[in-house]
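For the record, the sequence lines run as chains A and B. Under this note's numbering, the first sequence has 223 at position 223, and the numbering climbs by one with no breaks. Under this note's numbering, the second sequence has 316 at position 316, and the numbering climbs by one with no breaks.
Derived from the structure by calculation, the hints contain no laboratory data. Do not take every clue at face value.
Said to hold, decoys possible - Some chain B residues flagged as far from chain A (calculated, every beta-carbon gap over 12 Å):
#  : residue
1  : Leu9
2  : Thr26
3  : Val45
4  : Phe56
5  : Ala59
6  : Pro88
7  : Leu89
8  : Ala133
9  : Ala136
10 : Glu229
11 : Ser230
12 : Leu276
13 : Val303
14 : Ala320
15 : Pro325
To be verified - Examples of chain B residues lying across from chain A (beta carbon under 10 Å, computed):
#  : residue
16 : Gly15
17 : Gly31
18 : Ser32
19 : Ala48
20 : Arg63
21 : Ile109
22 : Tyr182
23 : Arg183
24 : Trp187
25 : Asp191
26 : Pro199
27 : Thr202
28 : Arg305
29 : Ala309
30 : Ile311
Cβ atoms here follow ideal geometry from the backbone N, Cα and C, with glycine treated the same way.
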Amino acid sequence: MRIVAAVITILLSLSAHAGGTAPAGPVREQPRSWPPARSVVPQRIVSLIPAVTEMLFALGAGPQVVAVGSFDTYPPEVKKLPRVGALIDPDVERILSLHPDLVIVFATQTTLREQLGRAQIPIYVYNHAGLADVFTTIRDVGARVGREKAAADLTSRLEARIDAVRKRIAGRPRPRTLIVFDREKLALRGIYASGGIGFIHDMVDAAGGENVFADVKQQAVQATTELILARRPDVVLELRADPLDAATRAQEVAVWSALSSLPAVRTSRVYFLDEQKTVVPGPRVAEAVELIARTLHPTAFK
Amino acid sequence: MTAPLGRRLALTMTGFGVLAMAAVVTAPLVGSTSISLRRAFSTTVPFADNPDAQIFFIARLPRTLAGALVGSMLASSGVVFQGLLRNPLATPFTLGVSAGAALGAMLAITFGWTFAFAGIAAAPAPSFVGSLAAVAIVYALARARHRGLSTNVLLLAGVTMNAFFSALILFVQYFANFSETYRILHWLMGDLDISSYEPIVTALPLVALSLAVFAWLARPLNLLSLDTESAATRGLDVPRAQRAAFLSASLATGAAVSVGGPIGFIGIVVPHLVRLLVGPDHRLVLPASALFGAAFLIACDVVARTVMAPIELPVGVITALVGGPFFLWLLVRKR
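My request is simple: use the sequences and hints to build the entire structure.
Okay, here's the thing in structure tokens:
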């Protein structure tokens, strides 16, 4: 009886968080986890979301993960696990054939959610949001897989590390930063930059940078050459999931020299952070914030 | 006969030339930010220290010129396809030529192919190959079961090829990594923010070649638009003219798509508006459409980049919003 009561409490706390991170729209009306009460601690988890996969492993629930999404590469253990598609192409048949007792899905995967609902398979609905939501998600996931203690420890460690960064750069001038997460290869075309919401904006903010597109309340901004020239960033920060070799990186940095009036170009402050942790809102966010802070404020870390 | 044509040609070229020039001159003055022109053209401030000059010369001027190039190429290939196939609904878009070019360009972008021909970067090569393949298939299908060209088969084959190439584009996109998907989607809606003159310069040889062929094509197109038999009796080498028309229009479409992506509806809106103004003679319609196409796309691009600033709309959305209803009106009017 006590276990059942505990599970109900956990599930109640889960649905209490549901409104906080879900976006506006029809998704919001549905409970974050479905069905409300079924199994105790899931033993066969399928995670379609790299960030949540990382969380599960960081919380010690790695052995319970039976399959992951196509883009999952971290931690190295996931490379041996079967792949069951991702955001736009989840392989429902394979997912069902693995008999999961918990599937982690994106909020926008409505068809998949319905299919899993019909098959009576419990789901956890995830959505990208801000930096604070990363910690909420870690606690939610921890509670869902019976690792509340580990989740509480992990989040407080991460929060402490990020606070330490904030203290370290406090009072220093905050460089106006253009955060680019995608563009065409070797050309300043099709540039996508971070707007004023989302975990990437929050990470740069914590690391002591002032996002030049902070006023655009979108996660991604299609940044034209004119907009970039007009916003005059002191630093250009390019975040990429896939590492580049040194020669390519140098070529990609050199592309910016076309916009020679930018303070970032004139002071050679165009940086490529081609490490996956900078773009995954998982347990490596503190490492990413430290990396960005060292890039923006090299003198603060001497 | 020659004198009146000469006068009409001079009049038409002056009228549309002034319009195109006005577009090229005013478009760089407008944008999401306000710049000081005096500072932009100042000779005392070095270019590297001059954000106003950089906004003018790096952000706005290349995209205005790109708009001019893409608009004139798509509009004039629309004229050529319509005259050649004697069908008012034939355009680079409806024949699947744009989609073929887009597939070629997309493959090049996704897999990072670079082409060099005689030491010159030949970026438009894949889109030209794509557009040529589309035209060749559509043309072969339309000729397969008829003597001469069947316009119905041609248009249906075009629509089918369009769908087929679009499916191939989606197939390639499936292999791209996740963030590339957005970029490809954006590119497919048309994007003139090229931020350097390089794409224009690499497309210029193709543009010059197709313009030269277009200049020669005006008279043959007049003959062809009657019917092929009377064109032949008047001494026109019909197959040769048809080949030249197909090749040059594909070349022009390939060049346009390689610069700005597959921007739709220019090839139908512009030629028809121009015909309403100057009549059906290709010697007038072709150059006038090229000039008016340039002005039209530049104007659409100005709307796209200012109407919701600082957020920018893809220019293809604007041309489609104007062109879609126009196409339907044309369809109904023909009945």
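Structure-based check of all given hints:
1. Every C-beta of chain A lies more than 12 Å from that of Leu9/B, the closest at about 38 Å, which supports listing it as non-interface.
2. Against the 12 Å criterion, Thr26/B stays outside the reach of chain A, whose nearest CB is about 16 Å from its own CB.
3. Taking the minimum C-beta to C-beta distance to chain A, about 10 Å, the non-interface status of Val45/B is violated against the 12 Å cut.
4. Listed as outside the interface, Phe56/B is inconsistent with that label: its C-beta sits roughly 9 Å from the nearest C-beta of chain A, within the 12 Å cut-off.
5. At roughly 4 Å from the closest C-beta of chain A, the C-beta of Ala59/B falls inside 12 Å, breaking its exclusion from the interface.
6. No Cβ of chain A approaches the Cβ of Pro88/B within 12 Å, the least distance being about 35 Å, so the stated non-interface status holds.
7. Here Leu89/B stays apart from chain A, with its beta-carbon at least about 32 Å from theirs, past the 12 Å limit.
8. With a cut of 12 Å on Cβ distances, Ala133/B stays outside the contact zone with chain A, its closest approach being about 24 Å.
9. For Ala136/B, the non-interface assignment is confirmed: its Cβ lies about 29 Å from the closest Cβ of chain A, beyond the 12 Å cut-off.
10. Distance check for Glu229/B against chain A: the nearest CB is about 49 Å away, which clears 12 Å, and the non-interface claim stands.
11. With 12 Å as the threshold on Cβ separation, the claim that Ser230/B sits away from chain A holds: the shortest Cβ distance comes to roughly 48 Å.
12. The beta carbon of Leu276/B sits about 34 Å from the closest Cβ of chain A, which is more than 12 Å, so the claim that it is off the interface holds.
13. At roughly 14 Å, the least C-beta separation between Val303/B and chain A is larger than 12 Å, which holds for a residue marked as non-interface.
14. The Cβ of Ala320/B sits about 18 Å from the closest Cβ of chain A, beyond the 12 Å cut-off, so the non-interface label holds.
15. The claim that Pro325/B lies off the interface holds: its Cβ sits roughly 26 Å from the closest Cβ of chain A, which is beyond the 12 Å cut-off.
16. The criterion of a C-beta within 10 Å of any C-beta in chain A is not met by Gly15/B, whose closest approach is roughly 31 Å, and the hint is violated.
17. Taking 10 Å as the C-beta cut-off, the interface hint given for Gly31/B holds, the closest approach to chain A being about 5 Å.
18. Checking Ser32/B against chain A: minimum C-beta separation of about 6 Å stays under 10 Å; hint holds.
19. Taking 10 Å as the C-beta cut-off, the interface hint given for Ala48/B holds, the closest approach to chain A being about 4 Å.
20. With a least beta-carbon distance of about 8 Å to chain A, the hint placing Arg63/B at the interface is held under the 10 Å criterion.
21. The interface hint given for Ile109/B is met, as the beta carbon of that residue sits about 7 Å from the closest beta carbon of chain A, less than 10 Å.
22. Annotation: interface hint on Tyr182/B holds; nearest CB of chain A at approximately 7 Å, less than 10 Å.
23. Proximity of Arg183/B to chain A holds as hinted, the smallest CB-CB distance being about 5 Å (cut-off 10 Å).
24. Taking 10 Å as the C-beta cut-off, the interface hint given for Trp187/B holds, the closest approach to chain A being about 6 Å.
25. A distance limit of 10 Å between C-beta atoms decides the matter here; for Asp191/B the minimum to chain A is near 7 Å, and the interface restraint holds.
26. Look at Pro199/B: its Cβ gets to within about 9 Å of chain A, closer than 10 Å, so that hint holds up.
27. Annotation: Thr202/B was flagged as interfacial toward chain A, and the flag is violated, the nearest CB pair being 12 Å apart, outside 10 Å.
28. Because the beta carbon of Arg305/B sits about 7 Å from the nearest beta carbon in chain A, less than 10 Å, this interface hint is met.
29. The criterion of a C-beta within 10 Å of any C-beta in chain A is met by Ala309/B, whose closest approach is roughly 9 Å, and the hint holds.
30. Hint on Ile311/B holds. Least Cβ distance to chain A is approximately 7 Å, under the 10 Å limit.
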